[in-house]
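Taken in sequence, the protein lines are chains A and B. 1 is the number of the first residue of the first sequence in my numbering; add one for each residue after it. 1 is the number of the first residue of the second sequence in my numbering; add one for each residue after it.
Don't take every hint at face value.
Identical chains blur together in the list; that is why a pair holds if it fits in one copy or across any two.
[Said to hold, decoys possible] DSS-like, lysine-lysine: derived pairs with alpha carbons at most 27 Å apart:
{"hint": "1", "residue 1": "LYS246", "residue 2": "LYS288"}
{"hint": "2", "residue 1": "LYS304", "residue 2": "LYS246"}
{"hint": "3", "residue 1": "LYS288", "residue 2": "LYS123"}
{"hint": "4", "residue 1": "LYS123", "residue 2": "LYS14"}
{"hint": "5", "residue 1": "LYS288", "residue 2": "LYS197"}
{"hint": "6", "residue 1": "LYS246", "residue 2": "LYS14"}
{"hint": "7", "residue 1": "LYS123", "residue 2": "LYS246"}
{"hint": "8", "residue 1": "LYS197", "residue 2": "LYS327"}
In case anyone wonders, no lab produced these hints; they're calculated from the structure.
Now for the letters of each chain:
2 protein chains.
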Amino acid sequence: MVTGPPLRQMFRGKRILITGGLGFIGSNLARWLAATEAEITLVDSLVAEYGGNLFNLSGLEDRVRINISDVRDEHSLAFLVRGQDYLFNLAGQTSHLDSMEDPYTDLEINCRAQLSILEACRKFNPTMRVVFASTRQMYGRPDYLPVDEEHLLRPVDVNGINKMAGEWYHILYHRVHGLPTCALRLTNTYGPRMRVKDARQTFLGVWIRCLATGQPFEVWEGAQRRDFNYVDDVVDALLMAILDDKAIGRVFNLGGEEVVTLLDLAQMMAAANGGGSFTHVPFPAERKRIDIGDYFADFSLIEKELGWRPRVPLQEGLARTVDFYHKHLAHYL
Amino acid sequence: MVTGPPLRQMFRGKRILITGGLGFIGSNLARWLAATEAEITLVDSLVAEYGGNLFNLSGLEDRVRINISDVRDEHSLAFLVRGQDYLFNLAGQTSHLDSMEDPYTDLEINCRAQLSILEACRKFNPTMRVVFASTRQMYGRPDYLPVDEEHLLRPVDVNGINKMAGEWYHILYHRVHGLPTCALRLTNTYGPRMRVKDARQTFLGVWIRCLATGQPFEVWEGAQRRDFNYVDDVVDALLMAILDDKAIGRVFNLGGEEVVTLLDLAQMMAAANGGGSFTHVPFPAERKRIDIGDYFADFSLIEKELGWRPRVPLQEGLARTVDFYHKHLAHYL
Numbered sequence: 001m002v003t004g005p006p007l008r009q010m011f012r013g014k015r016i017l018i019t020g021g022l023g024f025i026g027s028n029l030a031r032w033l034a035a036t037e038a039e040i041t042l043v044d045s046l047v048a049e050y051g052g053n054l055f056n057l058s059g060l061e062d063r064v065r066i067n068i069s070d071v072r073d074e075h076s077l078a079f080l081v082r083g084q085d086y087l088f089n090l091a092g093q094t095s096h097l098d099s100m101e102d103p104y105t106d107l108e109i110n111c112r113a114q115l116s117i118l119e120a121c122r123k124f125n126p127t128m129r130v131v132f133a134s135t136r137q138m139y140g141r142p143d144y145l146p147v148d149e150e151h152l153l154r155p156v157d158v159n160g161i162n163k164m165a166g167e168w169y170h171i172l173y174h175r176v177h178g179l180p181t182c183a184l185r186l187t188n189t190y191g192p193r194m195r196v197k198d199a200r201q202t203f204l205g206v207w208i209r210c211l212a213t214g215q216p217f218e219v220w221e222g223a224q225r226r227d228f229n230y231v232d233d234v235v236d237a238l239l240m241a242i243l244d245d246k247a248i249g250r251v252f253n254l255g256g257e258e259v260v261t262l263l264d265l266a267q268m269m270a271a272a273n274g275g276g277s278f279t280h281v282p283f284p285a286e287r288k289r290i291d292i293g294d295y296f297a298d299f300s301l302i303e304k305e306l307g308w309r310p311r312v313p314l315q316e317g318l319a320r321t322v323d324f325y326h327k328h329l330a331h332y333l
Numbered sequence: 001m002v003t004g005p006p007l008r009q010m011f012r013g014k015r016i017l018i019t020g021g022l023g024f025i026g027s028n029l030a031r032w033l034a035a036t037e038a039e040i041t042l043v044d045s046l047v048a049e050y051g052g053n054l055f056n057l058s059g060l061e062d063r064v065r066i067n068i069s070d071v072r073d074e075h076s077l078a079f080l081v082r083g084q085d086y087l088f089n090l091a092g093q094t095s096h097l098d099s100m101e102d103p104y105t106d107l108e109i110n111c112r113a114q115l116s117i118l119e120a121c122r123k124f125n126p127t128m129r130v131v132f133a134s135t136r137q138m139y140g141r142p143d144y145l146p147v148d149e150e151h152l153l154r155p156v157d158v159n160g161i162n163k164m165a166g167e168w169y170h171i172l173y174h175r176v177h178g179l180p181t182c183a184l185r186l187t188n189t190y191g192p193r194m195r196v197k198d199a200r201q202t203f204l205g206v207w208i209r210c211l212a213t214g215q216p217f218e219v220w221e222g223a224q225r226r227d228f229n230y231v232d233d234v235v236d237a238l239l240m241a242i243l244d245d246k247a248i249g250r251v252f253n254l255g256g257e258e259v260v261t262l263l264d265l266a267q268m269m270a271a272a273n274g275g276g277s278f279t280h281v282p283f284p285a286e287r288k289r290i291d292i293g294d295y296f297a298d299f300s301l302i303e304k305e306l307g308w309r310p311r312v313p314l315q316e317g318l319a320r321t322v323d324f325y326h327k328h329l330a331h332y333l
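Chain A with its partners taken away, still in its complex shape (with noise of 0.2 Å):
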């Protein structure tokens, strides 16, 4: 974790903006914002399907300004914009099943509010940096392992599709515009304040969910594997991101060190749970069409040009992901 001092008094007197603000990624990167001399602005919707959480930022309420408003409202982010020196642009539309059973919406939040914001960024405040949360699931089936950012973008679902749209808007406006912007192409990521209820967000939301209360977990296939980053790292990235000039107009794969297949992943899992037990089942129909078998990213570009690499070992953000949950599931049910 970034959580040296220098970095801290980067962020003083800094105004800050994050959509999606009180969603998993969001909400871990407004805490450690928090601690910082910063204005912190969070927008969120709290649409019930989605990540956000009020208790994702309790104790501090006072701390930050939470305005509940979406991103497809774009009167509300023309104004919350203006005079922000940062924007860390995390909301999200992230169910892939979601996205191919009501695809409009899916096109609504992840490409039509990208265009709004980046239009009102445009308009109202032209040199705010902005980083943009981008997703390895426009890479589809890998060619070749580990994946890197010259992979011909080949997404399996409406969600990958959008979301290809939404950074090409990012860097796009940029390269026309000027905009500072940059995208962080983020792998699985997972920790403490991820969405349990359902496989909205990740399937390890369910996985967790199931220890946390006792019940067996199912693992789909099993074999395929994958890379994972604590939230924790990703918050670094997306610290340094923003905060680095080399990042401008870029995109940057993020990854994990280690890769397992999700059999191994789910006994660690287990392991970092005490105990556990899950079941290993074939792939549902509707979801085989969509998996995209191996995927590990390469992030040796990130680590060039800004430094960054994960830092929190698997077994040991697994523990604390699970430890948190079982202390405040109920918040999250």
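Add chain B to chain A, keeping to what the hints say.
What follows is chain B alone, placed relative to chain A:
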């Protein structure tokens, strides 16, 4: 051109829907199909800024059904797709500059309407063959030449981003829902019935209008190399792609055999016109930002898979085009 009787017979009794059917490519396609025994329905919004023009179908008003509606109108499309055998999905917003000034309209047409057309196909006609008119614009500034289908997509304007999403929706609906779709990435297309009022469809339109009215036209920069397809060759490709099962689920580049600089092209056009003058000027600033430099396509994939290659030499195609506008210019102003 595919004019042989065997191909014409393939369409006997078939029901064919063409979005953008009164536009440049759609109307040329419809005119060819009108000589077959197909039942043809053209959908067009006739929005003044786009390519639709009733004159494009003059003489065939009794042979084809013209349905004035906008692809953004999901209700009309949900009705019109029913019972069709083939959908040529050609409607689109094509202006790069308009897409930068009004990104939302471009999004509604090139993304949202594509989703709703595909949803209509999925619900009401999942076996209808679909060909989508995509664009080389999504490649952006090439890394290498000629550009093949494995080249990274890095669009340089909102239109390119949205067309990229629209194309991927088509491929996705094949992969996930089994719709028999495919996409052709068109390069610069020219010929009779293109919009010449302004450069919204192609800069060639403006050149042609100036030649036909005896005005000098402007060549910007001029050293950029490009490839061109005469519209009949594009019609060929659309017909071959919709009939051939090998096209299903795939994306193919079209491209021209002759690669010429814009200055060379200007000279060829003036020659085709039997004279004409142009001035050579630097890039206007707002164009420079979204220009892609040299571009020409590798079209060997579609040649190998479907047997397509362009047949109309550039000089001949230009002569036919100039001739058409000398006769019919009044209908295009």
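Status of the hints after comparison with the structure:
1. LYS246 <-> LYS288: between (39 Å within a copy, 24 Å between copies)
2. LYS304 <-> LYS246: within (11 Å within a copy, 43 Å between copies)
3. LYS288 <-> LYS123: Intra 43 Å, inter 21 Å, cutoff 27 Å: inter-copy only.
4. LYS123 <-> LYS14: So LYS123 and LYS14 pass the 27 Å test inside one copy only (20 Å; across, 51 Å).
5. LYS288 <-> LYS197: within (22 Å within a copy, 49 Å between copies)
6. LYS246 <-> LYS14: within (20 Å within a copy, 57 Å between copies)
7. LYS123 <-> LYS246: within (24 Å within a copy, 47 Å between copies)
8. LYS197 <-> LYS327: The answer is within: 16 Å in one copy meets 27 Å, while 68 Å across copies does not.
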